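There are 2 protein chains.
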Amino acid sequence: MNFIKPTFLINVPQCKRNIEKMAVKAHKYNLKFRPHFKTHQSAEVGQWFQDFNITKITVSSVEMARYFADRGWSDITIAFPVNLLEINEINQLAQSIRLNLLVTGATDVLFLEKNLHSKVNIFIKIDTGYHRSGIEWDQYHTLEYLVKKLSEMEKLHFSGFLTHAGHTYHAKSKDEILQIHDDTVGKMILLKEQFKQYKPIISIGDTPSCSLSENFDLIDEIRPGNFVYYDLTQYYLGSCMEAEIGVALACPVVDIQPHRNELVIYGGGVHLSKEFLSINGHRIYGRVVKLFDSGWTKSFDNCFVKNLSQEHGILHIESEYISQIKTGDVIGILPVHSCLTANLMKGNEYYIE
Amino acid sequence: MNFIKPTFLINVPQCKRNIEKMAVKAHKYNLKFRPHFKTHQSAEVGQWFQDFNITKITVSSVEMARYFADRGWSDITIAFPVNLLEINEINQLAQSIRLNLLVTGATDVLFLEKNLHSKVNIFIKIDTGYHRSGIEWDQYHTLEYLVKKLSEMEKLHFSGFLTHAGHTYHAKSKDEILQIHDDTVGKMILLKEQFKQYKPIISIGDTPSCSLSENFDLIDEIRPGNFVYYDLTQYYLGSCMEAEIGVALACPVVDIQPHRNELVIYGGGVHLSKEFLSINGHRIYGRVVKLFDSGWTKSFDNCFVKNLSQEHGILHIESEYISQIKTGDVIGILPVHSCLTANLMKGNEYYIE
Chain Z
1 MNFIKPTFLI NVPQCKRNIE KMAVKAHKYN LKFRPHFKTH QSAEVGQWFQ DFNITKITVS
61 SVEMARYFAD RGWSDITIAF PVNLLEINEI NQLAQSIRLN LLVTGATDVL FLEKNLHSKV
121 NIFIKIDTGY HRSGIEWDQY HTLEYLVKKL SEMEKLHFSG FLTHAGHTYH AKSKDEILQI
181 HDDTVGKMIL LKEQFKQYKP IISIGDTPSC SLSENFDLID EIRPGNFVYY DLTQYYLGSC
241 MEAEIGVALA CPVVDIQPHR NELVIYGGGV HLSKEFLSIN GHRIYGRVVK LFDSGWTKSF
301 DNCFVKNLSQ EHGILHIESE YISQIKTGDV IGILPVHSCL TANLMKGNEY YIE
Chain V
1 MNFIKPTFLI NVPQCKRNIE KMAVKAHKYN LKFRPHFKTH QSAEVGQWFQ DFNITKITVS
61 SVEMARYFAD RGWSDITIAF PVNLLEINEI NQLAQSIRLN LLVTGATDVL FLEKNLHSKV
121 NIFIKIDTGY HRSGIEWDQY HTLEYLVKKL SEMEKLHFSG FLTHAGHTYH AKSKDEILQI
181 HDDTVGKMIL LKEQFKQYKP IISIGDTPSC SLSENFDLID EIRPGNFVYY DLTQYYLGSC
241 MEAEIGVALA CPVVDIQPHR NELVIYGGGV HLSKEFLSIN GHRIYGRVVK LFDSGWTKSF
301 DNCFVKNLSQ EHGILHIESE YISQIKTGDV IGILPVHSCL TANLMKGNEY YIE
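Sequence lines, in order, name chains Z and V. Take the first sequence: its position 227, counted from the start at 1, is 227 in my numbering, and no numbers get skipped. Take the second sequence: its position 273, counted from the start at 1, is 273 in my numbering, and no numbers get skipped.
In case anyone wonders, no lab produced these hints; they're calculated from the structure. Nothing here was measured: the structure is a model prediction, and the numbers come from that model. Treat the hints with care, as some may be off.
Because identical chains cannot be distinguished in the list, a pair is counted as satisfied if it fits within a single copy or across any two copies.
Stated by the list, open to error - Below, simulated SDA-like cross-link-like pairs (lysine to any residue); rule was C-alpha separation at most 20 Å, straight line: (1) 306 x 278; (2) 28 x 54; (3) 5 x 94; (4) 5 x 88; (5) 346 x 42; (6) 172 x 55; (7) 5 x 91; (8) 346 x 64; (9) 5 x 343; (10) 174 x 295; (11) 155 x 183; (12) 5 x 116; (13) 306 x 84; (14) 148 x 196; (15) 172 x 147; (16) 148 x 92.
This is chain Z alone, in the form it adopts within the complex (with noise of 0.2 Å):
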């Protein structure tokens, strides 16, 4: 391997790996497994989850869909508010594929049903305690009034509820985590049975809880989407181990100040995003490993990224490592924040095979 400048590393085997044992996981339950493929936004990535034969997916934009959709993806929920703007590019899509859009209150609805060409599946965003969008659960008669409102359009399927328990991310301990998955199941059930003359399929989503729960019962469909590369977020929400985390940054080392236990790499806010942890009292932009042909070791004790400028990384190494690397090594880092990170990094990309 020889990067010369930073390069997304993506273990391929343990990427797939991590896909197999969510697929079993859905398997075992019997649940549809649509993940989301916002993490990677990459077709070849993509083609990895066919192996497993899921053909459903999640995206989160309507520029998304369309990218995988001209790649074949033909069964694709846009899980995000819909947004009414983009109702040509909806359209479009909803020539072609099976759409399944989200909707937030009547004002949506009343306009898909006017302005859209074709069918489409519509999913009603529910908000079970994250607080970011969506009716809230126990709005009973404001759903009951979309409910109801759907049913009677001709151009929009009413399919079912949908949540993500963003609030997993931020939870002390896997305990906790288990019991906002527990909250939400129980609130999305009581929606199932609510309307049940409707059949409404029940779609969850977040990565920290489709990996730790097992419980899933009554529950139809699955989303979750940062499992397939995990990152250091999950790593200490006890999502995953270290060693299922599934990509680096591979980044040339290029100032050394031993005597601040510091050191400069050329990869910054523009490659890693500004995503940070708080752990311990100290920001942490990444963890570091050392790169080996097929992967990379376990990460660095003590060693962290401790800040980011735009194209510089300020890393704290501790002595016993500090003098094994020199200016023009290169080293890898753990993100953060995967999805963002691969998002920045599109087009840089290093499959380890």
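Given chain Z's structure and the hints, the job is docking chain V onto it.
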């Protein structure tokens, strides 16, 4: 203006005024003005600088140097510790343009002398207190050794000392910025005096100092970059007025939660970047403006981007404003760090003439 997805708005007259103001200041103090093009990374924006007779530029990677060299810029400083692994690309550049590189130690000097095919100019990177990279300003013996070494080289021409006082970004007041700048200038002038037999060029760079200070005696060159766009970081530092911010992100509104004083925009971490400011105990990822054909309003009081997911932005909006906004509207966001937003939005710009 009809934006259906996140679009990077560039207010051309304002950006040109920002360039003019800095060019006039550089002229007033007889400074060589070598603007940093990492902020915009754009051939089009670069052309605006030519109206002010600017022919020398700064970039932060070999790749950016290649991009601008291919577009006719023939005197480029790569203000980043030289990445020895890109020696082939550096050799290609050095054949066709006047190339200025940064070294941080003898390893760089010996490697370059051995491996370069053409002559390049060398700046020694000085650390005046930011502690990111370079040799500390008071390491006289190290500097003397390096300068002497450089004077013996055939392909390397010692040009001078370059610093970036990035610690101005941590200042709590304008006075503190001016103090840091004065301190930096003092340290650099001392080097100029100590090494006067080599007639070193003294190059400094950060936008806060260059915007606010009037102390440039004995400084030869300035390299600010961000000032062309400015952003909320600069505004809160006091480097600019809000009206001088030349860019905003246009974002469709996709969900409104009046009971929480929140709304959701299509515009997330992959558009704005995850850079934030801590203001009065809140994390602020952007401020909210109303767009009109030739620009945007002053930002709304007490309204801000409070959180970002990959594609979602969550905004806090005061009651008096939220009732005026509906799903399908497009609002503007002033970015926290325009360099990172510009980098993410490449290919999705709109120029307001």
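Using 20 Å as the alpha carbon limit, work out where residue 155 and residue 183 are close: within a copy, between copies, both or neither.
Classified as neither; 33 Å inside a copy, 68 Å across copies.
At most 20 Å between C-alpha atoms: does residue 306 with residue 278 qualify within a copy, between copies, both, or neither?
both (11 Å within a copy, 18 Å between copies)
Indicate which option fits the pair residue 5, residue 88 if close means a Cα-Cα distance not exceeding 20 Å: within, between, both or neither.
Answer is between; shortest inter-copy Cα gap is 12 Å, intra-copy 40 Å.
Could you place residue 148 and residue 92 in one of the four classes (within, between, both, neither) given a Cα distance threshold of 20 Å?
For residue 148 and residue 92, neither the intra-copy (27 Å) nor the inter-copy (67 Å) Cα distance is at most 20 Å.
When no copy is named, should residue 5 and residue 94 be tagged within, between, both, or neither for a Cα gap of at most 20 Å?
Answer is between: at 19 Å across copies they meet the 20 Å cutoff, but 41 Å inside does not.
Treating 20 Å as the Cα threshold, decide for residue 346 and residue 64: within, between, both or neither.
Classified as both; 13 Å inside a copy, 17 Å across copies.
With identical chains treated as interchangeable, where does the CA-CA distance between residue 5 and residue 116 reach 20 Å or less: within a copy, between copies, both, or neither?
Between copies, since 19 Å is at most 20 Å while 46 Å is not.
Within a copy, between copies, both or neither: where do residue 172 and residue 55 come within 20 Å Cα-Cα?
neither (35 Å within a copy, 54 Å between copies)
For residue 28 vs residue 54, is the C-alpha pair at or below 20 Å within one copy, between two copies, both, or neither?
within (15 Å within a copy, 66 Å between copies)
Can you tell me if residue 174 and residue 295 fall within 20 Å by alpha carbon in one copy, between copies, both or neither?
Classified as neither: same-chain Cα gap 28 Å, cross-chain 48 Å, threshold 20 Å.
Have a look at residue 5 and residue 91 and pick one of within, between, both or neither, based on CA distance no larger than 20 Å.
So residue 5 and residue 91 pass the 20 Å test across copies only (16 Å; inside, 41 Å).
Homo-oligomer pair classification [residue 42, residue 346; C-alpha up to 20 Å]:
Cα proximity of residue 346 and residue 42: in one copy and across copies (8 Å, 19 Å).
Hint compliance for this structure: hints 6, 10, 11, 13, 15 and 16 are broken, all remaining hints hold.
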